[in-house]
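Asker: Here is what each chain is made of, one letter per residue.
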Amino acid sequence: MELSDANLQTLTEYLKKTLDPDPAIRRPAEKFLESVEGSQNYPLLLLTLLEKSQENVIKVCASVTFKNYIKRNWRIVEDEPNKICESDRIAIKANIVPLMLSSPEQIQKQLSDAISIIGREDFPQKWPDLLTEMVNRFQSGDFHVINGVLRTAHSLFKRYRHEFKSNELWTEIKLVLDAFALPLTNLFKATIELCSTHANDASALKVLFSSLILIAKLFYSLNFQDLPEFFEDNMETWMTNFHSLLTLDNKLLQTDDEEEAGLLELLKSQICDNAALYAQKYDEEFQPYLPRFVTAIWNLLVTTGQEVKYDLLVSNAIQFLASVCERPHYKHLFEDQNTLTSICEKVIVPNMEFRAADEEAFEDNSEEYIRRDLEGSDIDTRRRAACDLVRGLCKFFEGPVTGIFSGYVNSMLQEYAKNPSVNWKHKDAAIYLVTSLASKAQTQKLVITQANELVNLTEFFVNHIQPDLKSASVNEFPVLKADGIKYIMIFRNQVPKEQLLISIPLLINHLQAESIVVHTYAAHALERLFTMRGTNNTTLITSAEMAPFVEVLLTNLFKALTLPGSSENEYIMKAIMRSFSLLQESIIPYIPSVITQLTQKLLAVSKNPSKPHFNHYMFESICLSIRITCKANPDAVGSFEEALFMVFTEILQNDVQEFIPYVFQVMSLLLEMHKNEIPSSYMALFPHLLQPVLWERTGNIPPLVRLLQAYLERGANTIASAAADKIPGLLGVFQKLIASKANDHQGFYLLNSIIEHMPPESVDQYRKQIFILLFQRLQNSKTTKFIKSFLVFINLYCIKYGALALQEIFDSIQPKMFGMVLEKIIIPEIQKVSGQVEKKICAVGITKILTECPPMMDTEYTKLWTPLLQALIGLFELPEDDTIPDEEHFIDIEDTPGYQTAFSQLAFAGKKEHDPVGQMVNNPRIHLAQSLHKLSTACPGRVPSMLSTSLNAEALQYLQGYLQAASVTLL
Amino acid sequence: MPVVKDHSGWMRKFKNKGKDTAALRRQRVEVSIELRKARKDEQILKRRSILFSLVDENLSLGEEKRNEIIQLSLEEIVEAVNGSNTELQLQATQATRRMLSRQKDPPINQIIELGIIPKLVEFLTHADNAPLQFEAAWALTNIASGTSDHTKAVVEGGAIPAFISLLSSPHMHISEQSVWALGNIAGDGPLYRDALINCNAIPPLLALVSPVTPVGFLRNITWTLSNLCRNKNPYPPLDAVKKMLPVFICLMEHEDKDIISDSCWAISYLTDGCNDRIQIVVDTGILSRLVELMARPELIIMTPALRAIGNVVTGTDEQTQAAIDAGVLAVLPCLLRHAKPAIQKEAAWTLSNIAAGPCWQIQQLITCGLLTPLVELLDKGDFKAQKEAVWAVANFTTGGNVEQVVELVRSGVLKPLLNLLLAKDSKTILVILDTISNIFLAAEKMGEAERLCLLVEELDGLEKIEALQTHDNNMVYRAALNLIERYFSGEETPDLQPGTGHDGLYDFSVEKQDFDF
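Each protein sequence line maps, in turn, to chains D and P. The first sequence begins at 1 in UniProt numbering and counts up by one. The second sequence begins at 1 in UniProt numbering and counts up by one.
If you are wondering where the hints come from, they were derived from the structure by calculation, not from laboratory data. It cannot be assumed that every hint is accurate.
Stated by the list, open to error - With a straight-line cut-off of 27 Å between C-alpha atoms, the simulated DSS-like cross-links for lysine-lysine are:
{"no.": "1", "chain 1": "D", "residue 1": "K331", "chain 2": "P", "residue 2": "K464"}
{"no.": "2", "chain 1": "D", "residue 1": "K165", "chain 2": "D", "residue 2": "K126"}
{"no.": "3", "chain 1": "D", "residue 1": "K395", "chain 2": "P", "residue 2": "K415"}
Excised from the complex, chain P in its bound form (with noise of 0.2 Å):
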């Protein structure tokens, strides 16, 4: 049963079970489709331009009650922006980015449909017209915030290498609106964030970050810079990561909240992959500083810090061991006690993985006083922690020793365990039954297995197991049975029921052929 791992080759081969630690540590997505409400605690993908606009009005107030705020129709803004007058193409562009700052219902649409973003896009390229350029930027980035066909839109009109070559503009608020938009087209998907990476936007945006930007600047430089790392299928390419990865260490001492909390959500989707990914970011050395950002009581830094260790112990046995070097076992308690279910749950999760690892990290584990807050967490947490905690309970008493699995039916395990089978989950139950059969086969080696009978029967368990027999769910319904026959019903044997043989004929006689085995 458990995997150990320092076998000498010639042991080994006659341990191999097909079970391995790979198999028990689970990574992050388990099924791509979601039914639930996108989580509000995820990193904003993309974002439009309002609280900034209405500073803009604000600030320009005195020059617009001059001017009077020029109000134009739709027809009038494609009339002036096709037209030769650059007043009226400022106007006009101008207007257009009113309108889609709105707080409410941007008209998106609309604008796309006037056929306008290419004029726009030419705009961007308008060096002496800096007003224009920037009217047009910003314009751009909120079209480009809205759904993937807007960004579709914008990408198609052909702004990614005249915002990448905006970068470098003199103006440094032309400089952040680019950045801005470069954001929100990276944040749309691999594919995008592949096409700014090929058209080289990542070094323009590294020179942007010294020791002077401004903090609101920079922010916005480590968003776009967090998208460009963001997503799955593929992943970024490898180069990109190496060239950010320096950066985003820098960041991550920022002083600025919000900074550090981008800088760590680009690590946790670094992370979020194959065990080489995970080991590019382990090898920065970079764990401990995750490690103590996690223990950070702000959400928005302890959330995304949380994640991007939780993704590096999915890892190997090494990747999972540098994170305990680096001290998460120390700080996991805390948050698997946290107020918020979210973040129970990903500490619960962090904690399963951990226990899939083999004997030695069980054991730290244990040292560390991990047990108790995973038996509050199965008593009391939020179920979706429940089900995580689930998990840690059952890679601990596949890949733990004997002695390890007593200490956790020691602190008291089995009765939380054994009320979550009331739970309303198939996959959960059928989870906890395969735990308990394990439980018994530690104690099965001990020739304790009656005594956990006895154990399991006080503590309502039997009842449970009983009711699962007539679960709707047939490989539920079945591991109850099995445990029931195996422990429970005394000395009756199940009917053997061998297969029928082919050959009716009883005559004793046979061919012989040649034989070569």
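Here chain D stands alone, though its shape is the one from the complex (with noise of 0.2 Å):
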């Protein structure tokens, strides 16, 4: 593409039409600029369009056009090709700093987001003189300028703060400080003197507190790996600045809005944040400082008020005191009595309080509310931060401090006795306190210390978190009952078991609640609850104790659903499934009325899932539901299959991609139930399972093998007399999964059953390609996890069609091959074998080898026979070899696969495990001894001579025991 004003004007058509809210416009559009972005000068035009475009519609979209472009295509990746033309590249780098400076704001920021994405590749090696060229603009004067320069280094720097110490990183740390450093310095102190020429220029002030921030940030990102030389030499001039500003205000700054943070805030956080960090990581250096600091940020705090806007302020504020006082040497900054009286009442408590803004997102928002509350993401609020001062604090000054919380607690439960209604935030603060501050540890033997005693918890659940939970209405002070709700879940291991179960009916009440929070907390509690562990590994709440409540439970559950705002909530379903996992067969009762309400569930979620966990629990819930109930009565899987097949159906006609793993996993576990042969209504499905469609969706995957298997436990025989032509496709499938490292552990768990399960003569056509399949893996790219289910599935196939047959085939498709196998995969290999069940196959396969093959006795096969019987015996007694060879360690292994599916997404959905020789073989050492007593009766004398002249002698006594433990003697 040339530079030329006819691309111009076509690109900015093509820009425009992008902006077409018609798709059938925009995506063509959309589709042409990709295709051309490829071309030299793209990018240059879209820089010139930026520029000089008539329009700032079409201004601003290349910007953002330039930006998506830069951030997709700038980086180079090993192997690829570069996506843009050298010269393009060394024509944007010279100019996108001048362009973004002098471009409107807007601009700008797309332009310093792109300088940062080429920095991040370039800078410095491959942009030397990108910081030069910024720092000369320091001297320009023009503020807007300036800002440009300082967001830009913003982005490019503020990785210092999280990234790794590495040499590359602090090289190039270092040539930015010696660039930058006294720069930005010079630039800190002459905008604090024109912030003083300009005190009464509210426009003037704004533009220059932007900067003050921004430079604020910088010290951050430059200060954080280490303390750097320029610094800790001009520390004064930062300090004594930052100190000032920290004490400063101004009305011209002062902003009307509530919510939003104003400039003067911002700046003072970042303050904070500075000073924070400082006396943290280079606490020697900073202490001459740190005492101002600490007078200074305790006044902000005693004059700033309530409002949000002030919240994240407060909060590192907070924070930054709760850092220094558990110091030793600042210990004494705080000590006074007084002070921590006075820190108490005028940071702590007032930051505690329940603000409107905290009703405003109870009732509002409760979805965000409780994420906050409960789930711990309220790093930033002032509650938590006051609450680690308090933690802090307790440090050094743990008995004064808790003297004075506890009668504040108690001084704010009189103030909210004397009148509930008007008072009800007194006590929301007190129950706060205690909730948060009294101690959690129970487990006493563990820790040192143990905190002084706030209130006691058992007599603060019974007098006052009781009484609001036993009130008639359910409704009333709402917020109460969640503090109270939330304070059973916090301290359910220090309450006693008595007051637990006090406390079930409450909470099963509660779930009627209208209010979001509490019905939501009732749900959670009782899940909590009943996943408490009592002694013997039993549940702490038992199911008879649960006998009085188990309607009302179900029932107030499943109302709750219905509440506006939480017909898909996941606490209200995880309660279900948990309930119905403690309550077992009591549910039993309910079950054709609950699997009805899961199915209208489950066909009304699916028409758009969008809730992950709900959807988890609906499936567990209905899981269980058929186990419970089968496991008492096995012929009711038949109206299960009844009530859900139609809506399995819908998911799988409509391919609601998030729902058919579960749902194969669910038909797994029904089609397990049956005792008899496989129904009908299966088998129709049969051929839709072997879909390529299907199997090329990676989630799929093991639920489908899963299912597979579950199809030739218990219809094999009908799938060979019915849907022998399905035949190639089944093998196809194994196929498919067994060409993919990642799947190729599900492959064989599929060809294992179809070899334990197929009738011989179905399958007899298909064997010797199925070998040639696998030595072809083998050969080619075998990996640590395809040789281990190789050598279960070669010793399996031994005990199914004996060791003679192993043999011939594979002999015949190879001469010499059998001997091949065994003396570089299986004697060499075999201890890496995994599993118990796995072990045992492999046992037993290799003891008809050597005890039930011919040729391992008379031809050159001879010479592996006792270096197999070592290797067996190293499979008995050696620890597992589990290494994996360097070159695999890439690879992407998914859980070590078992002899059986471990897929388990589904917890409920979930078999036992599958043991094919279980019937046959117990002890397989012993089974060891016999066969080779067996065989030297059939050959008297071979067999101790081939044991003396190569046995080891380790292998020879464990082997020794054996003979014993099975009472025989080799002849």
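Hey, can you piece these two chains together into the complex? The hints should help.
Answerer: Next comes the structure, spelled out in structure tokens:
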């Protein structure tokens, strides 16, 4: 593409079309741009447009397109073609900085992002003059330009805050410091001076304070990895100015907005961060400045209001105090009783109060509220910071601090008692204090110190928590109800069991509360209580203890799902699953109603699955219903099929991808429940399960393999008789799986089932092919995982068809093949086989080769007899060899495969491990001894002589042990 | 998980998990780039003779009064030095020396630019004119005390052989001045250090050490010798080291603190390297003396002695055991509690390398009561020291057996360890997460994983780990996520996500080929 007006015109047209709301116009334009972006000059045309276009909307659009282009193409990936030609790269780097600086803010931001993406790849080596170019702009005096430079620098340097120390990183930082630290310091001083000259000019101040914020952020990045020499030498300048900025106030910078932090707040909170960084990491050097900062930040906290816009500032400021007060040499700054009292009263308590904003979130944004309150994403909240400060103070002043707060808790409760409907927030604060500060440590043996008691947890529970939950109305004071329920969750290990039992009906009752937070907490608390461990590895709360509540519990749980806002509430669904699992057979009477409700829910959410956790627990609950019911009454499986198959068909027909793996698992579970021949409804589905499109989706593979295995276990004869034409397709699936290093073990699961269950004559014609395929994989790309699965398979084959058949089929593929496999694969690798059943299969298979395969006795294979025996004894006695060759470390291997599909996405759809030799052989060592005995009777003298010539002494000793245990001797 | 070294060969081949103690032990230098100011507790590389000049000025005051202090311009100096009048040469050299000895901004560059260095070097050979020799030696000493370029100018002027021959000057003050000058040259770096060694500077230097050598002189010699042991890339030649070692061992018994200090520094340089070098030091039997010196109250002695021992325990298990046998574990608790952060840090680093050893050495840490001070340091130490303490705990949990890890948890390590998840250092956070995962592995073996979950939650660790799931550093975030998924997420298992195969055709057929495994 030439840099011509015509091309600029064309590009303008297409860019305009990409903004069209009509996809029929927009999509082709996007496609066109994508198709030309590989052409030389394309980025330069975009840069020209964003600078010179007549229309602002095209300028902006070009800048965004440019940034995305850079994001996609700038990085040069090894072994892939360079997507931007070198001359374009050079031209971009030469022009982008001045262009960014002269552009209006909207475009400047895009270009600044583009610079940092380029910088991440090219800076410093391939973009050596970037820094000087930026630093030179500091002289310009134009703060629009300066802020552009600072913003770019910030996006280039902020990675210093999280990357690991390395030579490369530190070389870059050193380079940046050498070029940047002094100019930045001078700019800082100059900007502060300008702030006082322009103290009465609001618009100038705004620009200047934006610069100061960026400068403070750059300070943080540049000082993060270690304290640079330059900043140590200039600490006085920086810290003195930071300190005075902390204490500065200017009416012109105050904002009316209650939510959004203003420039002043942003600057001060960054300064708090900077001071905290120094206090934590460079304490030795920072010590002289620290007390001043403590005072300033303390004053700041006392004078800052409750508005949301101050949240970040306040939490950063409190975090600073929290990190300082636990340092031994600053103890004296806090130890005065008055100081402590006033920190507690003026800093901690006000910031723990439930504010209007919290109340709003509780009612209108409950999902966010729950996440913050329950799941600990409250990192930057005032409450959290205040708690951290208390914990910090407790390190040295535990007694006095606990004393102050326990007095406070009592007085808050008294206030509440005077007039609950007005003063309920006081009680909330009291409960909050207790839930966040009381020691949760119950495992006293393991910790050295134990917190002073703030309150007696059980007394508090009985006197202040239970009364709220017992009140007649579940909807009164919802915040206090939520507090109370949370108290139960938090102290469930501390409160005695009898109190928990009293609470259970109360919690069940609160499942009916209108407030989303309250009924969600109730469900969550029940779920937590039901998972508590009692003695002997049983649940703490027993099914018998729950007997009186079963009906009301199930009713209220399902009713809660109909409350507004909770139709896909994952906490409730998880509580349903947990209740089923705890109650077991006592849910059976309710199953008809339960399964109807679950299928309706399933049908509804399958239209648009959006809550993965909810869906997961829903399927778990379905599995539990099936297991529990069919355990008591196997014939009930039919009614489940009746209820579920219609929905399942719809899910499969509509290809609801999220649900298909679950459906296969539930179907496997149902099919395995059948005791007799496979029902025809399943057989009708069989051909569809072999469709390639299903197997292309990786998430389907484990559950589909599991389902096919269930088909083979229950219906091998039916398949052989009624669906023989589908056998190549079935083996095709095996071939598909075996071709992949990631899925080959799944292929073996399938193959093992085929060999174990299919009538031999139905697979006769394919057997040779199967082995050729396996040998091919073995030859071309063997991995440890493949070898392990291969060994298990050939031994299973040997057990099923006999050792002689194994030898014959190998040697029919290629002469002496059997010997090669023994020598190169079985003997050296058998030690790698893992898993009890797997090892047993191999032991029995090898025993057969040793004792039931005549060619092992009198052909050239005979020399392998003793080594094979020794390998077998090694398999019995040596620790497993779990080494993996170096080159395999990068192969994406999923969980260690077992003999059976261990795919357990649905915990309650899992099946028991299957042992195909369980009936035949109980103790494989004894079995070996007996088989050897039999062999030696057939050809007296041969066995002992082979043993004595080359079996290693240790192995021989083990073998004698087996013979003794089996009470046999070798002839 | 634990690395057990006394396995029989048969068992051992099955235990190789790619982790061995050598990888856990951390050498002193991880990155060679420094952002910080040069450390204040390092030994001085080069010294200019300032104090000495003041003394000299005072002593010779009477004489100076008689002769008046002659002020010469730079031009006059050049002229006089290059002239033939020895009296004027002496005056000019003295004037040069005086300028170079003034407290502030000595004009080293200007003097070099005068081009008189070769002349000054020549004066060193004027055995008949001791005052001139002395003044020239002093002036050159001070030039060599500057930057690398300054030292280079002196060396390229041919000063090395001249100074070496002056070591055996009959005038003690000239000999001493030469020792000093050589010290500055050696301190410049491995290149000049080896140049000195190749010019055979060591034997005459060692010959100066005797019971009657005055203390001041002996200090200079010790310092110069220590500079001859200093610097890596490359290390000083082995035979040179072997020549000096016995002398250092004697000097460490001296009563003068500076002499002991510089000898310890020398040992610390000799041990700062590969295990073969450490072995040479261990073989001298000096470790007990070093440990004794580590316990001395004087910082100038404690610091280098601690460093030397710290270096020794980066070595093999046997070398580490030698340090343990010398009593290092009895001294470390005090040092871990030392008021100076740099000492805390160094002591914790030493401890971390002992903790990287096999179980039986970890057991000695427990027996000697190191866990309590370690936990204290983790809780209240300076950040630099806390970082090292984290490494110590990490190594402990990697190599320790289940009982030992339990003992560690019992001594209260979890609380401060979890608190440090708030540290502003990604690497430290990652090491802590790995450590927690190690502790969980041990807990799982005892069937106590659930109790540990509870404990971590109670100590407010869970909320910190949860918060790290949004950390900007990928490895940190993944480690946090793994812990949560593995131990704190109930029964949900992460999705199994195998890759796809390349073969899209499902027809079951295959071409036979020849097989040879």
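Asker: Are the hints correct? Go through all of them and say.
Answerer: To see whether the hints hold, each was checked on the structure:
About 25 Å separates the Cα atoms of K331 of chain D and K464 of chain P, which keeps this hinted pair within 27 Å; it holds. Restraint check: the Cα-Cα separation between K165 of chain D and K126 of chain D comes to about 21 Å, which is no more than 27 Å; the hinted pair holds. For the hint pairing K395 of chain D with K415 of chain P, the CA-to-CA distance comes to about 12 Å; that is within 27 Å, so the pair holds.
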